[in-house]
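Read off the chains here:
2 protein chains.
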Amino acid sequence: MEQSFETILARDRALIEDRLAELFRQDTRYACVQEAMEYSLLAGGKRVRPVLTLEACRMCGGRVEDALPFACGVEMIHTYSLIHDDLPAMDDDELRRGRPTNHVVYGEATAILAGDGLLTAAFGQLTKAELPPERIVSAVATLSAAAGPSGMVGGQALDMAGEGHALSRGELELLQSLKTGALISAAAQLGGIAAGATREQLKQLDRYAQALGLAFQVRDDMLDVISSDQELGKPVGSDRANEKSTFVNALGLENCAQLVEKLSQQAADALAEFEQPEFLAWLAHALADRKQ
Amino acid sequence: MEQSFETILARDRALIEDRLAELFRQDTRYACVQEAMEYSLLAGGKRVRPVLTLEACRMCGGRVEDALPFACGVEMIHTYSLIHDDLPAMDDDELRRGRPTNHVVYGEATAILAGDGLLTAAFGQLTKAELPPERIVSAVATLSAAAGPSGMVGGQALDMAGEGHALSRGELELLQSLKTGALISAAAQLGGIAAGATREQLKQLDRYAQALGLAFQVRDDMLDVISSDQELGKPVGSDRANEKSTFVNALGLENCAQLVEKLSQQAADALAEFEQPEFLAWLAHALADRKQ
Numbered sequence: 002m003e004q005s006f007e008t009i010l011a012r013d014r015a016l017i018e019d020r021l022a023e024l025f026r027q028d029t030r031y032a033c034v035q036e037a038m039e040y041s042l043l044a045g046g047k048r049v050r051p052v053l054t055l056e057a058c059r060m061c062g063g064r065v066e067d068a069l070p071f072a073c074g075v076e077m078i079h080t081y082s083l084i085h086d087d088l089p090a091m092d093d094d095e096l097r098r099g100r101p102t103n104h105v106v107y108g109e110a111t112a113i114l115a116g117d118g119l120l121t122a123a124f125g126q127l128t129k130a131e132l133p134p135e136r137i138v139s140a141v142a143t144l145s146a147a148a149g150p151s152g153m154v155g156g157q158a159l160d161m162a163g164e165g166h167a168l169s170r171g172e173l174e175l176l177q178s179l180k181t182g183a184l185i186s187a188a189a190q191l192g193g194i195a196a197g198a199t200r201e202q203l204k205q206l207d208r209y210a211q212a213l214g215l216a217f218q219v220r221d222d223m224l225d226v227i228s229s230d231q232e233l234g235k236p237v238g239s240d241r242a243n244e245k246s247t248f249v250n251a252l253g254l255e256n257c258a259q260l261v262e263k264l265s266q267q268a269a270d271a272l273a274e275f276e277q278p279e280f281l282a283w284l285a286h287a288l289a290d291r292k293q
Numbered sequence: 002m003e004q005s006f007e008t009i010l011a012r013d014r015a016l017i018e019d020r021l022a023e024l025f026r027q028d029t030r031y032a033c034v035q036e037a038m039e040y041s042l043l044a045g046g047k048r049v050r051p052v053l054t055l056e057a058c059r060m061c062g063g064r065v066e067d068a069l070p071f072a073c074g075v076e077m078i079h080t081y082s083l084i085h086d087d088l089p090a091m092d093d094d095e096l097r098r099g100r101p102t103n104h105v106v107y108g109e110a111t112a113i114l115a116g117d118g119l120l121t122a123a124f125g126q127l128t129k130a131e132l133p134p135e136r137i138v139s140a141v142a143t144l145s146a147a148a149g150p151s152g153m154v155g156g157q158a159l160d161m162a163g164e165g166h167a168l169s170r171g172e173l174e175l176l177q178s179l180k181t182g183a184l185i186s187a188a189a190q191l192g193g194i195a196a197g198a199t200r201e202q203l204k205q206l207d208r209y210a211q212a213l214g215l216a217f218q219v220r221d222d223m224l225d226v227i228s229s230d231q232e233l234g235k236p237v238g239s240d241r242a243n244e245k246s247t248f249v250n251a252l253g254l255e256n257c258a259q260l261v262e263k264l265s266q267q268a269a270d271a272l273a274e275f276e277q278p279e280f281l282a283w284l285a286h287a288l289a290d291r292k293q
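Chain order of the listed sequences is A and B. Quick note, the first sequence lines up with residues 2 to 293 if you use this note's numbering. Quick note, the second sequence lines up with residues 2 to 293 if you use this note's numbering.
The reader is advised that the hints may include incorrect statements.
In silico SDA-like links for lysine to any residue, alpha-carbon gap of 20 Å or less [as the list claims (entries may be wrong)]:
| id | chain 1 | residue 1 | chain 2 | residue 2 |
| --- | --- | --- | --- | --- |
| 1 | A | Lys129 | B | Pro133 |
| 2 | A | Lys129 | B | Arg200 |
| 3 | B | Lys129 | A | Pro133 |
| 4 | B | Lys129 | A | Arg200 |
Please keep in mind that the hints were generated in silico from the structure rather than gathered at the bench.
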């Protein structure tokens, strides 16, 4: 069974990689921005968010292929946020996924533009879906709300404001729910929207994704302490270097491990009313156990 | 007649100002980004693009109010582009519309986030239109294409790459058509889309807006030479200081004046098949004669 989940995951990722690699192929006039966008977009990564989109669509009775433009749009938003977060004026990170960050390679101006380009093109990508137009409108509204000032952008602002202060667990959870949870939830919901899910199903997907997103972040904070640079693809201990509050600081490693366990079970439980929740339930546990 | 055009323009601008001022009123949790977004969004400005959206909608038989969310979305994109273009890593400008630029007031990190927030929220704003969903999808696709890597973002990249080189008239026209023309054309087309314009009408709106956009840019370059700081709201001569190629360098002031005249007539002529093209034809001439 585990085997077949891995197979599904690999197939989804291949679909996503192929589509992402095609996106900017026709534009050759603006080579420097295009190259910078592709540098970060095609840097590997776990593709957690677009996989969520595809598999939430399948779980809600839709065809995976129909959700592919939504999945790519979500990953483009995620990628732009990494490029901008790494900028010298923001987190000033020089290594990401084992490679120099975008601005280190292309310079700050091009990195800003590459982020802007991916963010702008993401919404155009949603409109490529061959789906009823009201579903596309709903996807645009959902993604904009999740990624915008009341979601991810607001979370990054809170994160910057919180540097150097010790945040409480509650403050960390609010920060996480905005900075990473909102987009992860949007990823799952866009899959549901592609499949024509009911409002109730979208709520269940949101509950699943919020628990999974929080588990993911807590695990991330743990890996920043217990992993090696090589496994992680970025320097371990960077949270401490950036004076970031983390769940490990707030709770300790052992409590974090228990919390991750509990949250991934909550995520799986949120899917109880779907007919075929097995893959997404497995994914929640697999992400909670991940090594990188 | 002139009087009544001014009245229409003032009424449109008031509609736009009111709506823009309401946009972020409900979000108080992320005060610093919200304040930074409003600082630039509500800084006055000519509101050329959203006026184009409203009046193109009216000219195509639609109701101005129906196009208001599209108009605001376009202005949000324009505002984000100004914030990011002014950043130290880009044009490094400290004055805009007579006030310190966003990053001078709020710092670089918040200015980047304010731009990202406006860009992201712009697409959400389009979905607020009470219009058939296929028109909203078309608006999202049009705005994304115009503002993205094959449009405005690509133009800004070309602009950065061209600094310090003398560009030919042809290169300048390509640069302008991407950097400012694409969004001006999208502004007009979104008005048409809101009204359910035909494909042929959208083409005419594009021809109108491309000519108007080029006239606007040539006039802009002229004003950078012949205006005073106070009239312009930013330092005159900044193009020279930034080693930007301009139409004035390429053609000389007198030829520029003739070109602006010719282009604004071309813009007006492109509207010949509409029943009530008077306002937009007047607007093209009014912008060509502007002092700031």
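These are the hints, each one checked on the structure:
1. This hinted pair checks out: Lys129(A) and Pro133(B) have alpha carbons roughly 18 Å apart, not beyond 20 Å.
2. Of the supplied pair hints, the one linking Lys129(A) and Arg200(B) holds, its CA atoms being roughly 19 Å apart against a limit of 20 Å.
3. At most 20 Å may separate the alpha-carbon atoms for a hinted pair to count; Lys129(B) and Pro133(A) meet this at roughly 18 Å.
4. Between Lys129(B) and Arg200(A) the CA atoms are separated by roughly 19 Å; this keeps the pair inside 20 Å, and the hint holds.
Hint check: no violations occur; every hint is consistent with the structure.
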